[in-house]
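Residue numbers (this note's numbering), protein chains in the order written: chain F, 268 to 696; chain W, 15 to 266.
Some clues are possibly wrong.
[What the hints assert, rightly or not] Beta-carbon label-pair distances, calculated as ranges:
1) W:P60 to F:D527: 51 to 57 Å
2) W:Y44 to F:E515: 20 to 26 Å
3) F:D527 to W:I137: 53 to 59 Å
4) F:V481 to W:V84: 57 to 63 Å
5) F:K499 to W:P224: 49 to 55 Å
6) F:S448 to W:D250: 34 to 40 Å
7) W:L136 to F:D527: 33 to 39 Å
8) F:D497 to W:V84: 22 to 28 Å
9) W:S125 to F:D572: 55 to 61 Å
10) F:G451 to W:I137: 50 to 56 Å
[Claimed, not checked] Listed next, the in silico DSS-like pairs over lysine-lysine satisfying Cα-Cα at most 25 Å (straight line):
11) F:K270 to W:K26
12) W:K78 to F:K392
13) F:K682 to W:K78
14) W:K78 to F:K396
15) F:K639 to F:K602
16) F:K499 to W:K26
17) F:K682 to F:K499
18) F:K518 to F:K499
19) F:K270 to W:K85
20) F:K682 to W:K26
21) F:K594 to F:K615
[Stated by the list, open to error] Residues from chain F that face chain W, not an exhaustive set, calculated with beta carbons under 7 Å:
22) K270
23) I271
24) I272
25) A274
26) I275
27) F340
28) A459
29) N647
30) A683
31) S686
32) R687
33) E694
Don't read these hints as lab results, they were simulated from the structure. Every value quoted in this text rests on a predicted model; they were computed, and no experiment measured them. Where a beta carbon is used, it is the ideal one built from N, C-alpha and C, also for glycine.
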Amino acid sequence: MKKIICAILSVLLTLSLAACGNQKAKEASGLEEGGDGYTMNPDLIAKNTEGKTKLTLACFVLMPDIEERIINFNNTNQDYYIEVLDYSQYDTEDDFSAGETKLNTDILGGNTPDMIELGKRPIEKYTNKGLLQDLNGFLETDPECSKDDLLPGAYQALSSENGLYRIAPSFTVVGLYGRESVIGAEQNWNIAEMQNTLTTKQEVANPFINMPPVQVLQSLTMYTLDSFIDRKEGSGNFNSSEFIQLLETVKKFGQANQEDYLETNETLMNNKGLLATIYLSTIDQYAKIDDELSGDFNVIGFPTDNGSGNVADFQFSFGMFADSEHKEGCWQFLKSFLEQDYQQSIAKFEIPVLQSAFIQMLSSSNATQEQKDQYEKVINAITKTADFDGTLLGIIEEEAQQFLDGARSSEETAKAIQSRVAIYLSENS
Amino acid sequence: MYTKRKQHKQNKKPEVLFLLPSVMGVATFYIIPFMVVVAYSFVNNPMDMDFVGLENYQAILSTKAFQLAVKNTVMFSLTGVPLAVVVSLGLALLLESNIPGKSNIRTLLLSPMMVPVASVVLIWQVLFASTGPVSGFFATFGAGNIDWLQSEYAQIVVVLLFLWKNLGYHMILFMAALSNIPKDLLEVAEIEHASAWFKFTQVKLRFLSPTILFVTILSLINSFKVFREVHLLSGDYPSESPYVTALYEQHI
Numbered sequence: 268m269k270k271i272i273c274a275i276l277s278v279l280l281t282l283s284l285a286a287c288g289n290q291k292a293k294e295a296s297g298l299e300e301g302g303d304g305y306t307m308n309p310d311l312i313a314k315n316t317e318g319k320t321k322l323t324l325a326c327f328v329l330m331p332d333i334e335e336r337i338i339n340f341n342n343t344n345q346d347y348y349i350e351v352l353d354y355s356q357y358d359t360e361d362d363f364s365a366g367e368t369k370l371n372t373d374i375l376g377g378n379t380p381d382m383i384e385l386g387k388r389p390i391e392k393y394t395n396k397g398l399l400q401d402l403n404g405f406l407e408t409d410p411e412c413s414k415d416d417l418l419p420g421a422y423q424a425l426s427s428e429n430g431l432y433r434i435a436p437s438f439t440v441v442g443l444y445g446r447e448s449v450i451g452a453e454q455n456w457n458i459a460e461m462q463n464t465l466t467t468k469q470e471v472a473n474p475f476i477n478m479p480p481v482q483v484l485q486s487l488t489m490y491t492l493d494s495f496i497d498r499k500e501g502s503g504n505f506n507s508s509e510f511i512q513l514l515e516t517v518k519k520f521g522q523a524n525q526e527d528y529l530e531t532n533e534t535l536m537n538n539k540g541l542l543a544t545i546y547l548s549t550i551d552q553y554a555k556i557d558d559e560l561s562g563d564f565n566v567i568g569f570p571t572d573n574g575s576g577n578v579a580d581f582q583f584s585f586g587m588f589a590d591s592e593h594k595e596g597c598w599q600f601l602k603s604f605l606e607q608d609y610q611q612s613i614a615k616f617e618i619p620v621l622q623s624a625f626i627q628m629l630s631s632s633n634a635t636q637e638q639k640d641q642y643e644k645v646i647n648a649i650t651k652t653a654d655f656d657g658t659l660l661g662i663i664e665e666e667a668q669q670f671l672d673g674a675r676s677s678e679e680t681a682k683a684i685q686s687r688v689a690i691y692l693s694e695n696s
Numbered sequence: 015m016y017t018k019r020k021q022h023k024q025n026k027k028p029e030v031l032f033l034l035p036s037v038m039g040v041a042t043f044y045i046i047p048f049m050v051v052v053a054y055s056f057v058n059n060p061m062d063m064d065f066v067g068l069e070n071y072q073a074i075l076s077t078k079a080f081q082l083a084v085k086n087t088v089m090f091s092l093t094g095v096p097l098a099v100v101v102s103l104g105l106a107l108l109l110e111s112n113i114p115g116k117s118n119i120r121t122l123l124l125s126p127m128m129v130p131v132a133s134v135v136l137i138w139q140v141l142f143a144s145t146g147p148v149s150g151f152f153a154t155f156g157a158g159n160i161d162w163l164q165s166e167y168a169q170i171v172v173v174l175l176f177l178w179k180n181l182g183y184h185m186i187l188f189m190a191a192l193s194n195i196p197k198d199l200l201e202v203a204e205i206e207h208a209s210a211w212f213k214f215t216q217v218k219l220r221f222l223s224p225t226i227l228f229v230t231i232l233s234l235i236n237s238f239k240v241f242r243e244v245h246l247l248s249g250d251y252p253s254e255s256p257y258v259t260a261l262y263e264q265h266i
């Protein structure tokens, strides 16, 4: 009798342990129960999937036009359909990166999705570990779409050192702009030249319009991080004289007490400001600003030692995991972003990556030929994208705040940043 | 004899059944994951599972962050562990003698054990801030403002916090060991006019040696797990000085 009771107790205990784990796994997956995060369009759930192969797309947030592409793909493609895995639902108020952690856990556990919406996160996290597929191979063999069909600047900005790991349908250009008669007609400048210009115009009340010192620092580092870091080697040089000079420029010329929002172009025209950040999209926007500044308009970019200081900002980009068993199907979806009709439709709001759609946008605009030429020059000079690394920028901002508050010198700040950033870069190399 | 052996075997069955849940739990949550992790250390990634030999070990040993973490952890252990043993032994010997307010002092030294680290870290951050009282104290001797937590002195602060947190527990262990030393041996030494140093080294230390070994091993293990203190004091990515292997593991 005793033995029977013992046996029953042992079996019950074992089963309850297993059930606990199962319940936790279900709760953790959260896909059925939903959670925090953006509200997914219910039409994204594909209908008529019989006979079709499933492709999974990991995402954190999708805009309506991207959702429409997915729905369109599901309705028109005969061989594949897409299941969207919304990882933003795992994010909480205490932990904004819980979704990313869940995705990383799934990858480590062998449940890698087929594709991923990369957003603005640094792709080196995935490319350094060989997780993403190089898409150059598809561009070389695809009869409908090749590398030469893309804007050279966009292609270069999307590419990494070792290949092309993502496709984006459109982008904007981020840079600094001002009046050509004040900042010059050059298409780029470095820190020393920018500081020189600011020094000669010290009487101007708001050198950086609508940008407090922390935001100036954030802009100047976020869009020029590649000058200070080498992700492949896992090293940084934030204790260089250029970065120290940048810190001193920010402190000297950033306006700490800007309370009221200033109308940018009016402030420039009244000589009360020197530089402002531009998020340049269509030719019509460029022409509008040029008209407001009476033709005295130059997009000079962020200070950099090489190339253009303007950077491409891709709001959405999509990659394919190297582990996917349906690469052909994934490419069919990624390629759909480069279709002529779609590219022409988004050319109303952002810069299309397809060259023919870009030319179409220029030709259908009412801008002057000179404006079109200048605009094209800015776009074609693009070679890189913004490096939005939250951890890196957080370290820089945290340390720089003490310098901006006057608690330590620029050299000490640069040394402290270098010390912390070196560890971060080394871990992720 | 055969019946006894058969009975003994039959009695083993319920024992085995009782042990089964624990064995399964340990296997599921400890042994199997450990073996899986060891297996993963010899492949390129968990998806491809291509055998790469010792490449992963070579990669991690050549990573600067790992080298720094190991160096700092070793330095921390070499500093913190001997101090933890010696100071707690000293305190135990002090409290063993008849000093006034012995029980109040003992309570004071044990109270850090009750306080969660997260609650106390804020006070330590204020104490050791560049404009905090500790910096102010050193400033009276001519030193400038020292940012203790973001400089090469950060490890000193972590060692002090580690000692402050653990001394009470180690002291209790030593006090228990001291109370178990046979009193007659000490009386004989007293009668023979042995010096205090002789009594300590030739009598007490011999009886304390197992406890010293235990406290040393315990401190060493705790020194490798000092993640909370560093993370809460210095943040996610601290400067080089307090960066230890526990942080590296957490980031990786």
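Hints that the structure is at odds with (numbers, increasing) = 2, 3, 4, 6, 15, 16, 18, 19, 20, 21, 23, 24, 26, 27, 28, 29
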